[in-house]
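Visitor: Read off the chains here:
There are 2 protein chains.
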Amino acid sequence: MKRIPSYAAGEVVASASPEYAAGDVVVGVLGWEDYTLFKPSPAVLMSKVDASAGFPLSHHISVLGTSGMTAYSGLFEVCKPAKGEKVFVSAASGSVGSLVGQFAKLAGCYVVGCAGTKAKVDLLKDKLGFDDAFNYKEEPDLKSALKRYFPDGIDIYFENVGGEMLEAALANMNTYGRVAVCGSISEYTGAGRRAVPDLLEVIYKRITLRGFLSWDFLPRFAEFNAVIGDWVRQGKVQVMEDVSDGLESVPSAFAELFRGHNVGKKLVKLA
Amino acid sequence: MKRIPSYAAGEVVASASPEYAAGDVVVGVLGWEDYTLFKPSPAVLMSKVDASAGFPLSHHISVLGTSGMTAYSGLFEVCKPAKGEKVFVSAASGSVGSLVGQFAKLAGCYVVGCAGTKAKVDLLKDKLGFDDAFNYKEEPDLKSALKRYFPDGIDIYFENVGGEMLEAALANMNTYGRVAVCGSISEYTGAGRRAVPDLLEVIYKRITLRGFLSWDFLPRFAEFNAVIGDWVRQGKVQVMEDVSDGLESVPSAFAELFRGHNVGKKLVKLA
Chain A
1 MKRIPSYAAG EVVASASPEY AAGDVVVGVL GWEDYTLFKP SPAVLMSKVD ASAGFPLSHH
61 ISVLGTSGMT AYSGLFEVCK PAKGEKVFVS AASGSVGSLV GQFAKLAGCY VVGCAGTKAK
121 VDLLKDKLGF DDAFNYKEEP DLKSALKRYF PDGIDIYFEN VGGEMLEAAL ANMNTYGRVA
181 VCGSISEYTG AGRRAVPDLL EVIYKRITLR GFLSWDFLPR FAEFNAVIGD WVRQGKVQVM
241 EDVSDGLESV PSAFAELFRG HNVGKKLVKL A
Chain B
1 MKRIPSYAAG EVVASASPEY AAGDVVVGVL GWEDYTLFKP SPAVLMSKVD ASAGFPLSHH
61 ISVLGTSGMT AYSGLFEVCK PAKGEKVFVS AASGSVGSLV GQFAKLAGCY VVGCAGTKAK
121 VDLLKDKLGF DDAFNYKEEP DLKSALKRYF PDGIDIYFEN VGGEMLEAAL ANMNTYGRVA
181 VCGSISEYTG AGRRAVPDLL EVIYKRITLR GFLSWDFLPR FAEFNAVIGD WVRQGKVQVM
241 EDVSDGLESV PSAFAELFRG HNVGKKLVKL A
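So the sequences go chain by chain: A and B. Numbered per full-length UniProt numbering, the first sequence spans residues 1 to 271. Numbered per full-length UniProt numbering, the second sequence spans residues 1 to 271.
Do not take every clue at face value.
Which copy is meant is left open, so a pair is good if it fits within one copy or across any two.
As a list, the in silico DSS-like pairs of lysine-lysine whose alpha-carbon atoms are at most 30 angstroms apart [unchecked claim]:
1. Lys39 to Lys147
2. Lys205 to Lys266
3. Lys236 to Lys205
4. Lys205 to Lys143
5. Lys39 to Lys205
6. Lys269 to Lys127
7. Lys48 to Lys205
8. Lys266 to Lys236
9. Lys147 to Lys127
10. Lys105 to Lys125
11. Lys80 to Lys205
These aren't lab readings, by the way, just hints derived from the structure by calculation.
So here's chain A without its partners, still in its complex pose:
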C-alpha cells in the first residue's frame, strides 16, 4: 500500500542511524500510519525536537511547525509590517490566520480578522486579542464591510481565501499595500468563483501581491521558532489546536478544513 505522507510528529521506537535514538521525538514528513520507516536524507526534512523546551508534542507541528512558520514568514518576511499599520486577516480563526493576527498585534499593528461563525468571531476578539472581527457570512457586501472596519484603509492583507474577499481587500487597500497570498480556500475546490482583481487598483495604489510557501524560509526555521517559542512560553500567543482521535478520523478531519469546522490547527492523534 502506498504511504500517504503528512507533516507529523512522532517518537523514534528503533533506529539504525547514529543520528536518531529510541525515545527521540522527530517532526517532518511522516506517513498516515502507526509506524513510519524512513531513511535520513535532506528530502525527508526530518528534524529532532528539543524535548527540553517542554512544549506539548502537538505544538511542534502547529505553532512551532508549518503553521507557525507560514504565519511568521508570511507576515514578517513577505509583508514586513510597521508599527501602526492596518492588517486584515481572512480565515482568521484557522491554523495560520489565528497566528498571523496575534503576531501582527505583537508587531504593534491594528488587526481585524474575519471568520464564518459567531463563535469564531468572539474567539478572535475575546481570546486572541484581535482589535476587531466580523462574520463574513453576515456581510452582503464585503467591500463596504471592509470599508467600515478599515476607514483608513488596509496596509497588509494576509490572503487565505481568494474570490470576492481578495477583490474587496484590494478595493480597500492603501497605497503601497502588500498582500501575502498564502492560501485560497474558496478556490481550492472549484466551488467558489475565482478572484477578478482590479489591476488598475494594483497599479495606481502600487500594490504588491506575493505568493509564498513557508518552505522557502526553511533555513531560518530555527530562528523563527526561537522567537515564537518565547512568545508561547510568555503567554503572548495563544495556541489553537483542534485534535481528532485515531486514523479513522482522517477523512472527516480533512473534509472539515473545507467546511470551516476547525478552529486553529487541525491535528489527528494516532497514538
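Based on these hints, arrange chain B on the given structure of chain A.
Guide: Below, chain B without anything else, positioned relative to chain A:
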C-alpha cells in the same frame, strides 16, 4: 477654459523667475496649448533640460521622459532581471514595451514580445533586437502560444495588457517569477474582460505581482536618465516615436493609443 494637463516639453519664451531664462527648454506637466503659464513649484514637476546633451526635444518626453523612466524603473527596480532570465513583454511595440524589451536585452535576458500586427512583430525582431515576437491576434490560445515561445518558462512578465494575457503569462511562469504591473490596456476601456488569475499558480510558484508608477522613482530620474542617455547615444537603444502634428490631432492621437495604431511613444507636436 480649463487647461488640460499633459507631460510635455517646451521652450521658455519669457520668465519672471530667476530659475528659468528665455530659451531654456523644460519638461513637465504643461498644458495642451501653444503657451503655458506656470509658477515654479514642486507640484509642477518641471525640470530644465540639458540642451548640451544634444538629444532631439522629443526624446526628453519619450525615452528620457516618462516612458523611459517607466520602462527602466519597472524592469530594473521592480523585476530585478538576472542575466539569462526569460522576459515576456506585452504591448511590446508601445512606448514603454519597446524600451523594456531593449533594456532587458542589454541586461542579458532572453526577450519575447507580443504585438497586434505583422509590421510591429517584424519591427520587434528586426529593429529592436527582441529574440522573438508574435502577433497575439493570430494565437487562438495564448497559454499554448507562450508555452511555445517559452519552453523553459517565463521569469519576468512586464504587464501592459491585462485580461487573458495575464492569465496565460501566469500559467507559464517559473518559480519566483515576477510580474511588473505597469498597465492594463485591455481593461482601461472596459471593453476587454478582466484577468482572472489563478491564485494557486501565484502561491505554488511564489509569484510576485507588483503595481508601480514611474513617479515613485522620481528622486532617481537623473540617475536612470544618465544610463539611458548613454545607451541612446551609443546606438544601443532605438527610440520609437510616433508624432502627430498640431493641436487638432490630439483627439485622434489619443484614440489611436487604444486602437493600437501607434508604434512607440505617441507624441503631438504643437509648434
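Visitor: All the hints need checking, so say for each whether the structure fits it.
Guide: Results for each hint:
1. In this homomeric assembly, Lys39 and Lys147 never come within 30 angstroms of each other (Cα to Cα): the closest approach is 53 angstroms inside a single copy and 38 angstroms across copies.
2. Taking the closest pair of Cα atoms, Lys205 and Lys266 come within 30 angstroms of each other only across two copies (25 angstroms); inside a single copy the shortest separation is 36 angstroms, beyond that limit.
3. For a Cα distance limit of 30 angstroms, the shortest separation of Lys236 from Lys205 qualifies neither inside one copy, at 34 angstroms, nor across copies, at 33 angstroms.
4. Taking CA atoms no more than 30 angstroms apart as the test, Lys205 paired with Lys143 passes in both settings, with 16 angstroms inside one copy and 28 angstroms between copies.
5. In the homo-oligomer, the alpha carbons of Lys39 and Lys205 lie at most 30 angstroms apart only across protomers (28 angstroms), although the nearest pairing inside one protomer, at 50 angstroms, exceeds that limit.
6. For a Cα distance limit of 30 angstroms, the shortest separation of Lys269 from Lys127 inside one copy, 25 angstroms, qualifies, whereas the shortest one across copies, 66 angstroms, does not.
7. Proximity of Lys48 and Lys205 under a CA criterion of 30 angstroms is satisfied inter-copy only: 29 angstroms between copies versus 45 angstroms inside one chain copy.
8. When the C-alpha separation of Lys266 and Lys236 is checked against a cutoff of 30 angstroms, the pair qualifies only within one copy, where the shortest distance is 21 angstroms, while the shortest distance between copies is 58 angstroms.
9. Taking the closest pair of Cα atoms, Lys147 and Lys127 come within 30 angstroms of each other only inside a single copy of the chain (25 angstroms); across copies the shortest separation is 50 angstroms, beyond that limit.
10. Taking identical chains as interchangeable, the C-alpha atoms of Lys105 and Lys125 lie at most 30 angstroms apart only when both belong to the same chain, with a minimum of 12 angstroms there against 53 angstroms between chains.
11. For a Cα distance limit of 30 angstroms, the shortest separation of Lys80 from Lys205 qualifies both inside one copy, at 17 angstroms, and across copies, at 20 angstroms.
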